[in-house]
Amino acid sequence: MAADRRLTHSQILKEPGVAIFYAVLSVFLLVFIVGPLVVVFLEPSAADWARVWTTPRWRTAIGNTLAMAFRSTATALLVGLVYAIAIERGNFPGKRIFELIPLLLLVSPPFVGGLAFIFLLGRSGLITSNWLGLEVSLYGRTGLWIAQTLSFFPVAFMILRSSLQSIGGTLDNAARGLGASRTRVLFSVTVPLLVPGMLAAALFIGIIVLADFANPLLIGGRYRVLATEVFSQLTGWADAGMSAALGIVLLMPAAVFFALQQFLSRRSHGRYVTVGGRSSQLPQVGLPAPLRVLLFLFCLTVAAYTLLTFFVIFAAAVVQLWGIDYTITADHVRRSLRHWPELRNSLVFALSAAALCTLVSSVSAYLVHRCRVPFRTGLDLATLLPAGIPGTLYGVALVTSFARWYPRLNGTALLIILAMAASYIPVGYRISSAALQQMQPSLDDGARNLGAHRMQVFRDITVPLTANALFATFAYAFIRSIGTVSAVVFLVSFETMVSSVIILNLAEQSSWGRAAALASMLVLITFVGLALVRLISGTRWNRMFTR
Amino acid sequence: MDTSPDTTQSHLELASVSHWYGKVCAVDSVSLSVRPGSFFTLLGPSGCGKTTLLRLVSGFLDPDAGSIRIGGVDQAGIPADRRRVGMVFQDYALFPHMTVTANIAYGLRMHRVPRDERADRVHAVMQRLDIEDLRQRYPHELSGGQQQRVAVGRAVVLEPLLLLMDEPLSNLDAKLRVRIRAELKELQQRLGITTVYVTHDQEEALSLSDDIAVLDQGRLQQQSDPVTIYEKPVNPFVAGFVGSANMLRLTGQNGVRRLCMYRPEWLYVAPTGAKADDPNTEIRTGTVTAREYFGPTLRYRVALADDASPVYVDAPSRPRTGQRDTFAPGDNVALYIPTDGGWEIPDRG
Chain A
1 MAADRRLTHS QILKEPGVAI FYAVLSVFLL VFIVGPLVVV FLEPSAADWA RVWTTPRWRT
61 AIGNTLAMAF RSTATALLVG LVYAIAIERG NFPGKRIFEL IPLLLLVSPP FVGGLAFIFL
121 LGRSGLITSN WLGLEVSLYG RTGLWIAQTL SFFPVAFMIL RSSLQSIGGT LDNAARGLGA
181 SRTRVLFSVT VPLLVPGMLA AALFIGIIVL ADFANPLLIG GRYRVLATEV FSQLTGWADA
241 GMSAALGIVL LMPAAVFFAL QQFLSRRSHG RYVTVGGRSS QLPQVGLPAP LRVLLFLFCL
301 TVAAYTLLTF FVIFAAAVVQ LWGIDYTITA DHVRRSLRHW PELRNSLVFA LSAAALCTLV
361 SSVSAYLVHR CRVPFRTGLD LATLLPAGIP GTLYGVALVT SFARWYPRLN GTALLIILAM
421 AASYIPVGYR ISSAALQQMQ PSLDDGARNL GAHRMQVFRD ITVPLTANAL FATFAYAFIR
481 SIGTVSAVVF LVSFETMVSS VIILNLAEQS SWGRAAALAS MLVLITFVGL ALVRLISGTR
541 WNRMFTR
Chain B
1001 MDTSPDTTQS HLELASVSHW YGKVCAVDSV SLSVRPGSFF TLLGPSGCGK TTLLRLVSGF
1061 LDPDAGSIRI GGVDQAGIPA DRRRVGMVFQ DYALFPHMTV TANIAYGLRM HRVPRDERAD
1121 RVHAVMQRLD IEDLRQRYPH ELSGGQQQRV AVGRAVVLEP LLLLMDEPLS NLDAKLRVRI
1181 RAELKELQQR LGITTVYVTH DQEEALSLSD DIAVLDQGRL QQQSDPVTIY EKPVNPFVAG
1241 FVGSANMLRL TGQNGVRRLC MYRPEWLYVA PTGAKADDPN TEIRTGTVTA REYFGPTLRY
1301 RVALADDASP VYVDAPSRPR TGQRDTFAPG DNVALYIPTD GGWEIPDRG
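From first to last, the protein sequence lines stand for chains A and B. So for the first sequence, our numbering puts the first residue at 1; every next one is plus one. So for the second sequence, our numbering puts the first residue at 1001; every next one is plus one.
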């Protein structure tokens, strides 16, 4: 009886509030998300398409992109899996710290991993050069592989960890009771039950790796991938056609992953986990001691590297020249303060984007899940769409489509805010949808029965009861927006420059100290934001990734 | 309000109301009328259309055919938030982020009742429902029974023409259910408000209602008072749904064979060998095949020598001295059938 709780099609006309929200939201999604993506397909000429497949440089980039997507996804998944098993089943001290560390990385600006990689494992890196005395260059394939693995394993960790939690101890105990050894339980019960979670995580990470822009830019070197080529074609060569063509090629595997993800999440919703009903309070079956020690050491290594990541960024900001001259100095910090206008832009844009993202995602979730509006599936898909769109392609799409429709918007704050918001609308939508599904539907009816019209219900009932979700969306969108580069890099102008792009520019000019100083500020803002969220709403962040 | 209905006529009238979910017909041409001030129950198994009917009356759904009149006013085109219909939901739907007072005042706020009048009316309702002490509590701080009273209060404070209740007892445990049931009836009588109550529990329906409408597969089967529904069901579905029904084939004095329904407590069993001293009693022999103990009563399953289907018979579990004994499975018994006490079901389906 879920369907009958919604408005009938004819009733939408009787509800002006719903009709207005529906119309505004539809126009927004059409003009700013679906429209640009359609336009970008018209951008490349036939000649551009021909060149994509015949130019060796592009063919190599396509091959590299796909190879990286599989390679980095596989290793990030593996690291995340082992880390999750260690945290949930290893039963060793310091669990709370170990589980926090990947989270920090997850919410950090995307260039943090790459920048730290240079400081730690680069030509004059702390580990490679200073500690080990090696003269190696890991730039290129190997470096990118390592950096992406370490940057994206937190995603796998978050998803698999909540899978592990929902599996609970009952099945493990049952297997143990049937005579399986502890190690056997792990491999014959726990890991197989994680397969759906692993698949979901793999698709999730796959899309992120394909779209990854900061790591290839910083440490890809001559190992070219599509995400950066899309950028250099547009900004370096002003070749919008080629840039769009490459972006569309990049979209293909991402779209496949996205479609698979949608298919799986709709089909297997809670398939394995709800067999026994409520998850029980039975204690977990422990793992044998040697395995636990190994898991602990593994966690320790990964966590130590991750902490070093943040440490070197803060440290590089206060020494003369990282790797060469470790004299303490305040020069970089002082000089980075000159970038206050960009930092202010970042803050203002990110706050606006967070507000926009929260509004769009919650209204869309409400309309899709609580109102029987026409084209619900279309609305649902359009809202989730940005999750499958590589940021670089979306950047190109916005630039090229507004160049046709309304050129005066290009380079303005509006498009930047839009690009930031759009990327996180799917996450916000998932959070809001989950919150709505947890709310009794009878509350809506109750309020309506008492004389409230739809928009009053939304204001008085839905918003207060999903406040945590809205706040989490806002904070998440803000934290991620402030560091984002991929879509924004196409849209900034002199007046609307943001600090994340400045950091990449500084890194390209090898102004490491200043880059690190500015990056430290963004990282600190991120951490403060995260702390606030935990303090105020206590929202579990992993929830965002499991829906 | 765009209409001011005659409150003495505040009853509900459904005329050939139908509703489809896609190709599934949930409510099939249902007509019924509810007397003013009465307690009216929609009774039927899950999926019979009773909840859909309630949603049609409250305006959450529109009928595909037929008309609904409340207090003589056709409700077509009046949205859910403008109908003068109060509703008590199965899970009460109390707003968890509002206090009891705020919950009860919400409807008045939505109807733009001035602040002072609002406070007075909320207070009056709380007094009548005896929930003044709960004023500042939140729903999660209330017991099931208290939640229900708040839900009723929230609905009646708007002085609706009709109060709808959707299985409001189903979330309570068995003992509480019986107590709240009595409370509910008493409350309804005190408020004098026309009430439409939905349940699948026949005992609830029989004990609470002035009138019952039995529904099955979207169709109205019978509308009548509880005694008639129980003793004179119009078809086998109603007979079986509101209680156990034995179908016995009797031969009348004129030799005409009739198929009659007997409730288990309308029959009785005795040791074999007795003779019928009453010409209106027919005796058949059979064997007890099962015995269920319910506390106050016993239910025997008796296999008759001349009938394939078993007969269920209720008896007091502790017979008074000099009366019938209790029997165990395997005992041979005589089944006493009062020949003029059965009910011949008119529509045999």
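In case anyone wonders, no lab produced these hints; they're calculated from the structure. Glycine included, each C-beta is placed from N, C-alpha and C at the ideal position. You may find that some hints are simply not true.
What follows is a set of in silico ranges between Cβ atoms, one per label pair, in the way DEER data are often shown [claimed, not checked]:
hint: 1; chain 1: A; residue 1: LYS95; chain 2: B; residue 2: GLU1186; range: 52 to 58 Å
hint: 2; chain 1: B; residue 1: TRP1343; chain 2: A; residue 2: GLN440; range: 57 to 63 Å
hint: 3; chain 1: B; residue 1: SER1143; chain 2: A; residue 2: GLN165; range: 31 to 37 Å
hint: 4; chain 1: A; residue 1: PRO93; chain 2: B; residue 2: LEU1176; range: 43 to 49 Å
hint: 5; chain 1: B; residue 1: GLY1037; chain 2: A; residue 2: PHE375; range: 45 to 51 Å
hint: 6; chain 1: A; residue 1: SER124; chain 2: B; residue 2: HIS1097; range: 32 to 38 Å
hint: 7; chain 1: B; residue 1: THR1297; chain 2: A; residue 2: GLN440; range: 37 to 43 Å
hint: 8; chain 1: A; residue 1: VAL191; chain 2: B; residue 2: SER1317; range: 44 to 50 Å
hint: 9; chain 1: A; residue 1: ARG376; chain 2: B; residue 2: ASP1133; range: 58 to 64 Å
hint: 10; chain 1: B; residue 1: THR1289; chain 2: A; residue 2: GLN165; range: 24 to 30 Å
hint: 11; chain 1: B; residue 1: GLU1186; chain 2: A; residue 2: GLN440; range: 24 to 30 Å
Problem - Supplied distance hint 43 to 49 Å, evaluated on CB atoms of A/PRO93 and B/LEU1176 - result: Cβ of A/PRO93 to Cβ of B/LEU1176: about 47 Å, so the range 43 to 49 Å holds.
Problem - Consistency of beta-carbon spacing, A/GLN440 to B/THR1297, with hint 37 to 43 Å - result: holds (39 Å)
Exercise for the section: Starting from the range 24 to 30 Å, see whether the pair B/GLU1186 and A/GLN440 falls in it by beta-carbon distance. Expected result: holds (28 Å)
Problem - Cβ distance range 24 to 30 Å for B/THR1289 and A/GLN165, holds or violated - result: At 52 Å between Cβs, range violated.
Practice task
Could you tell me whether the CB distance from A/SER124 to B/HIS1097 stays inside 32 to 38 Å?
Solution key: violated (57 Å)
Exercise for the section: Please test the hint of 57 to 63 Å on the beta carbon pair from B/TRP1343 and A/GLN440. Expected result: At 43 Å between Cβs, range violated.
Handout entry: Cβ separation of B/GLY1037 and A/PHE375, checked against the hinted range 45 to 51 Å
Key = Since B/GLY1037 and A/PHE375 have Cβ atoms about 47 Å apart, the given range 45 to 51 Å holds.
Problem - Status of the given 58 to 64 Å range, CB of B/ASP1133 versus CB of A/ARG376 - result: violated (45 Å)
Exercise for the section: Take the C-beta atom of A/VAL191 and the C-beta atom of B/SER1317, compute their distance, and say whether it sits inside 44 to 50 Å. Expected result: Since the Cβ atoms of A/VAL191 and B/SER1317 sit about 58 Å apart, the hinted range of 44 to 50 Å is violated.
Handout entry: Satisfaction of the hinted span 31 to 37 Å by the C-beta atoms belonging to B/SER1143 and A/GLN165
Key = holds (32 Å)
Exercise for the section: Given the range 52 to 58 Å, decide if the beta-carbon distance of A/LYS95 to B/GLU1186 lies inside it. Expected result: holds (56 Å)
Hints 2, 6, 8, 9, 10, counting from the list given before, are not met by this structure.
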